[in-house]
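Undergrad: So the sequences go chain by chain: B and S. Following the working numbering from start to finish, the first sequence increments by one per residue and tops out at 299. Following the working numbering from start to finish, the second sequence increments by one per residue and tops out at 232.
For the record, the hints were derived by calculation from the structure and aren't laboratory data. The structure presented is a predicted model; accordingly, all values stated were derived computationally and were not measured. A virtual CB, placed ideally from N, CA and C, is assigned to each residue, including glycine. Some clues are possibly wrong.
Computed, partial: chain S to chain B, Cβ under 8 Å [said to hold, decoys possible]:
#	residue
1	Y55
2	R56
3	Q99
4	P106
5	P209
6	R213
Okay, derived cross-link-like pairs now, DSSO-like style, lysine-lysine, Cα gap no bigger than 27 Å in a straight line [what the hints assert, rightly or not]:
#	chain 1	residue 1	chain 2	residue 2
7	B	K169	S	K215
8	B	K205	B	K218
9	S	K102	B	K282
10	S	K151	S	K138
11	B	K106	B	K218
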Amino acid sequence: MHLKGCGGGGCRCAQITSAMSSAAGPGLAEAPEERCFLSTAEAAALERELLEDYRFGRQQLVEWCGHASAVAVTKVFPLPAHSRKQRTVLVVCGPEQNGAVGLVCARHLRVFEYEPTIFYPTRSLDPLHRDLTTQCEKMDIPFLSYLPTEVRLINDAYRLVVDAVLGPGVEPGKVGGPCMRALATLKLLSIPLVSLDIPSGWDPETGGDAEDGLRPDVLVSLAAPKQCAGRFSGRHHFVAGRFVPDDVRRKFALRLPGYTGTDCIAAL
Amino acid sequence: MHLKGCGGGGCRCAQITSAMSSAAGPGLAEAPEERCFLSTAEAAALERELLEDYRFGRQQLVEWCGHASAVAVTKEYEPTIFYPTRSLDPLHRDLTTQCEKMDIPFLSYLPTEVRLINDAYRLVVDAVLGPGVEPGKVGGPCMRALATLKLLSIPLVSLDIPSGWDPETGGDAEDGLRPDVLVSLAAPKQCAGRFSGRHHFVAGRFVPDDVRRKFALRLPGYTGTDCIAAL
Numbered sequence: 032m033h034l035k036g037c038g039g040g041g042c043r044c045a046q047i048t049s050a051m052s053s054a055a056g057p058g059l060a061e062a063p064e065e066r067c068f069l070s071t072a073e074a075a076a077l078e079r080e081l082l083e084d085y086r087f088g089r090q091q092l093v094e095w096c097g098h099a100s101a102v103a104v105t106k107v108f109p110l111p112a113h114s115r116k117q118r119t120v121l122v123v124c125g126p127e128q129n130g131a132v133g134l135v136c137a138r139h140l141r142v143f144e145y146e147p148t149i150f151y152p153t154r155s156l157d158p159l160h161r162d163l164t165t166q167c168e169k170m171d172i173p174f175l176s177y178l179p180t181e182v183r184l185i186n187d188a189y190r191l192v193v194d195a196v197l198g199p200g201v202e203p204g205k206v207g208g209p210c211m212r213a214l215a216t217l218k219l220l221s222i223p224l225v226s227l228d229i230p231s232g233w234d235p236e237t238g239g240d241a242e243d244g245l246r247p248d249v250l251v252s253l254a255a256p257k258q259c260a261g262r263f264s265g266r267h268h269f270v271a272g273r274f275v276p277d278d279v280r281r282k283f284a285l286r287l288p289g290y291t292g293t294d295c296i297a298a299l
Numbered sequence: 002m003h004l005k006g007c008g009g010g011g012c013r014c015a016q017i018t019s020a021m022s023s024a025a026g027p028g029l030a031e032a033p034e035e036r037c038f039l040s041t042a043e044a045a046a047l048e049r050e051l052l053e054d055y056r057f058g059r060q061q062l063v064e065w066c067g068h069a070s071a072v073a074v075t076k077e078y079e080p081t082i083f084y085p086t087r088s089l090d091p092l093h094r095d096l097t098t099q100c101e102k103m104d105i106p107f108l109s110y111l112p113t114e115v116r117l118i119n120d121a122y123r124l125v126v127d128a129v130l131g132p133g134v135e136p137g138k139v140g141g142p143c144m145r146a147l148a149t150l151k152l153l154s155i156p157l158v159s160l161d162i163p164s165g166w167d168p169e170t171g172g173d174a175e176d177g178l179r180p181d182v183l184v185s186l187a188a189p190k191q192c193a194g195r196f197s198g199r200h201h202f203v204a205g206r207f208v209p210d211d212v213r214r215k216f217a218l219r220l221p222g223y224t225g226t227d228c229i230a231a232l
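So here's chain B without its partners, still in its complex pose:
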């Protein structure tokens, strides 16, 4: 299936979405018009369907998202033949599911011969997070004990930064001081920023605080774009949603771009 995807702001789908969201939800008898974005509640419902009805494991979902995010990085920032600094990537991980995706992304970046470094200051006790952390440690991916507040040090040391701090539905207040201070530093970055799912700190629905918030160059939407993606104005927007079965896509009336061959991401 090859459907034309939507770009960022100005997409007519956003208007259809807002008109629909108060009146309808997935599962109506008549086929709803397809839209390009999911609300936070719908994203959670889609994930529940994959976990409970389809019996996918959280390990599977996080692995697909993390791997696809790493593939997106390779597409926008291909490895050069020389220059060691051009391989360095800083991955900032929060304690929730987005952070787990970040850990997987870092591991795949290492497999793809980048040199990732992880800043994961507030660690989840969840077994999946612990195992993903062990996998990274065993693969000699360094974990920073602190993040410099002097943004120039980050700009000089890394080619790009991956933001895997917050996700839809995660209250900024819950992730702890070090993560929030890291986000404050990332707002001042001059090297490229890749955000996973939503730019950390943006309201997942309205993209509010987008002016004052992170301004990523690349957004990798996980499963499907969230509503705030309509306000994304960076250079590249990918969706990592190949694993979403067609029936689920239809149930949520999602209009997603076609994937080519065995690709796990598609450009919007």
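Following the hints, position chain S against chain B.
TA: Same frame as chain B, now just chain S:
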């Protein structure tokens, strides 16, 4: 890292392997010569290392291997599954549910008339036995299916080892399955030295470098973000 991989029979690595296997194993003080194949015991040890030391989940490993195998077969296919002897293991049950929910049909029986299979499908994927699995343990329907697959005229893709082959010696290769494509999972098993089909891939990108070195494995380089490499 781009190392030249080994092909099928006639590879010099096979000779190195057999010379070494009686005298050495991974972990000697001097760096062992790299080789291209793993014994069944070593394959099990490598998997244990990934599960216990690296804390990869079995769900992760199985997902990578299955995905990579599908990439090796790439195109838009309409799969049908024959899975006569079902495991009660929760991972198997969940993977089965995932397939059912995606409307992949499960056959209740496999025709013994091989012509019906040749006519209905473009190719067959053999995911029946693996290294260390006793043929006697998988049940009558699987063994009967293998007997039918020996008569196939459409292409056959075997995952990890051609079912029925001895994982070490490839013994019974004359009488056994003759796949066109072999997808070695993690690393090739010793019997792969006797594989003479058209394509041999290794799906082992997820094996960390340190583990590869520990088992003195010589594997081909992967390109870009590929999950499989051709040998």
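Undergrad: Now tell me, hint by hint, if it's right for this structure.
TA: Checked hints:
no.	hint	result
1	Y55	holds (5 Å)
2	R56	holds (4 Å)
3	Q99	holds (5 Å)
4	P106	violated (15 Å)
5	P209	holds (5 Å)
6	R213	violated (12 Å)
7	K169(B) with K215(S)	holds (13 Å)
8	K205(B) with K218(B)	holds (19 Å)
9	K102(S) with K282(B)	holds (13 Å)
10	K151(S) with K138(S)	holds (19 Å)
11	K106(B) with K218(B)	holds (23 Å)
Violation of the numbered hints given earlier is confined to hints 4, 6; the remaining hints are satisfied by the structure.
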